[in-house]
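Participant: In the order they appear, the protein sequences are chains A and B.
With our numbering applied, the first sequence covers 6 to 211.
With our numbering applied, the second sequence covers 120 to 474.
Don't take every hint at face value.
As the list claims (entries may be wrong) - Derived EDC-like pairs: lysine to aspartate or glutamate, alpha-carbon spacing no greater than 20 Å straight-line: (1) A:Lys108 to B:Glu283; (2) A:Lys169 to B:Glu283; (3) A:Lys169 to B:Glu260; (4) A:Lys108 to B:Asp281; (5) A:Lys108 to B:Glu326; (6) B:Lys224 to B:Glu326.
By construction, these hints were calculated from the structure, which means they are not laboratory data.
Residue strings, one per chain:
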Amino acid sequence: MKYTAKLVLFPVLILAYYGSSVEQNNPRPEIGKKAPDFTLQDASGNTHTLSDYEDTFVVLEWLNHDCPFVAKHYNSGNMQMLQEQYADKGVVWFSIISSAPGKQGYLKPENARKITREKRAKPHAVLLDPGGEVGQAYRARVTPHMYVINPEGMISYMGAIDDKPTANTDDIEGARNFVSEALDNLLDGRGVEVTTYQPYGCTVKY
Amino acid sequence: MPENGSWPGAIHATNTRYILVNPYTVSLRGNSIKIKHMIHIKNHSIITLIFFGILSADVSVGSDTRHISENHHPEAVTGESILPVFRDSDSGNRVSVNLLTKRAKITEPGTYWVGFQMKIRDGWHVYWRNPGDSGLPTEIEWEDHDYITAGPIHWPRPERFDEEGVTTYGYSNEVILLVPLNIAREESDMSASSTLSANVNWLVCKEICLPESTTATLETGADGTFQNYSAGSLSLFEKAEALLPEKTTAWRAEAAYESDQFEITVTPESGETAQPDVENIYFFSGTRSTIDHTAPQRARWVGDDLVMTLQASRYLNAIPGEISGVLISEESWFKDKEVTAMDISFSVSSRYDSE
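Modelling step: build the complete structure from the supplied sequences, incorporating the hints.
Facilitator: Shown next, in the form of structure tokens:
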């Protein structure tokens, strides 16, 4: 009898969990399922549509340069190194800013270009999502929140960049980086060992 | 308050000023990264290892830039005018830290409690040992000392913060983190005064998050007296101890895991327990990636037992053997004493229905 009771309870919990209307209209992203498609403008005014990038691996990185946890990975050079390293292997890397205008981390296109230059960041593009729709569709909760999408457009990894939830640059060395681990495995034709890990960071400022 | 922290009657208050000469140098060796921080510390002597390293510009470029407009730094240490043995005087921080000792003097080898009183600016919060969906727990790193060893932080019951689908656990307004010091001070140590330093690092958030830190020092005189001890701090310790979750054998818990849910059964082991209203019962998991912090928690009384159904975290990778945390309620868990927070830990079994 307990079993039946739980079957009823479960959908109730799920509905309660999805607060906003945006979330109710979109299925939550899942490993092995199609990544939500989107079209966004980058900081240079070019338009990018995710589904145009099928046949390549895509990384999505939720970004807010004023967040100490993001600064950890940019001030150390870790994020730039990953961006460059995987660009060389044909991986398309999008940094996405979902901060709303007036909120921390929001950048006008020219400022996004400037800080990308200053940080020597090497993403394929910095995408601007000031309305937060894409962030909400991916349930991006924190910066950095990472997603790896395979050439079939399926989500292969989502969650933390690594297993050291701190803002300390000294913790990068020795951390288990789930993004590079997933990409290395996938590029070698192997499966991904850890497909989700609780993301850490500052909340996304929708 | 003088800039260097030498306020009347104060002990040496280290107020570090960090000036970055060269924020970082990065050298790559294969895939690993070596980071060297070059930090020049302006006006004080104790070299502090900064836990947070080099972070966002408004934090790390030096205290001068941290003096932003809304300076709110309580002049009075407490409402009761209690003098702490150490007072952080960096007014750029959103949290000020006072170090208090429970006893006046080291009389014999044993355990001596100290408290880090964090006074948090309105609207901001710091984090519990499990910060929840984001954030970082406060950390205290003690300098090595000949005969003093610090124990772990004893965390008061946390508060829950919900914003935009993200749930975090921590403290607002004020919190006192209690730490036991094991002091093995022998007769031979009695002739000299002594200093013990602790680097306190915390993340403080209010929409945005900032890492802050201070170095607190504890000085003892040759006779074992804690410098600047104030008798009034005893009342703060009593207040802080009352907020620690009760360690009790009067309740016992166990859990079963099935279909992304934990069912926890909490059983009274003595006649002194009460049944608080289930509406206000909440379990704070002591570890991340275990319980979904955001999902509603369901509690009900089944006979004498409290049964709670908790959604597992979507980041749970393996069913844990044991879970510990703090169980809170609005009314007391006991008939004759006021206990609204208690530590519980339970083993978890995997359940397969055979019906």
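Participant: Could you run down the list of hints and mark each one as holding or not?
Facilitator: Hint check results:
1. A:Lys108 to B:Glu283: Since the Cα atoms of A:Lys108 and B:Glu283 sit roughly 14 Å apart, the hinted pair holds (cutoff 20 Å).
2. A:Lys169 to B:Glu283: Distance ~24 Å between A:Lys169 and B:Glu283 Cα, so the pair is violated.
3. A:Lys169 to B:Glu260: 18 Å, holds
4. A:Lys108 to B:Asp281: Holds: A:Lys108 and B:Asp281 sit about 18 Å apart, inside 20 Å.
5. A:Lys108 to B:Glu326: With a Cα-Cα distance of about 9 Å, the restraint between A:Lys108 and B:Glu326 holds, given a limit of 20 Å.
6. B:Lys224 to B:Glu326: Since the Cα atoms of B:Lys224 and B:Glu326 sit roughly 42 Å apart, the hinted pair is violated (cutoff 20 Å).
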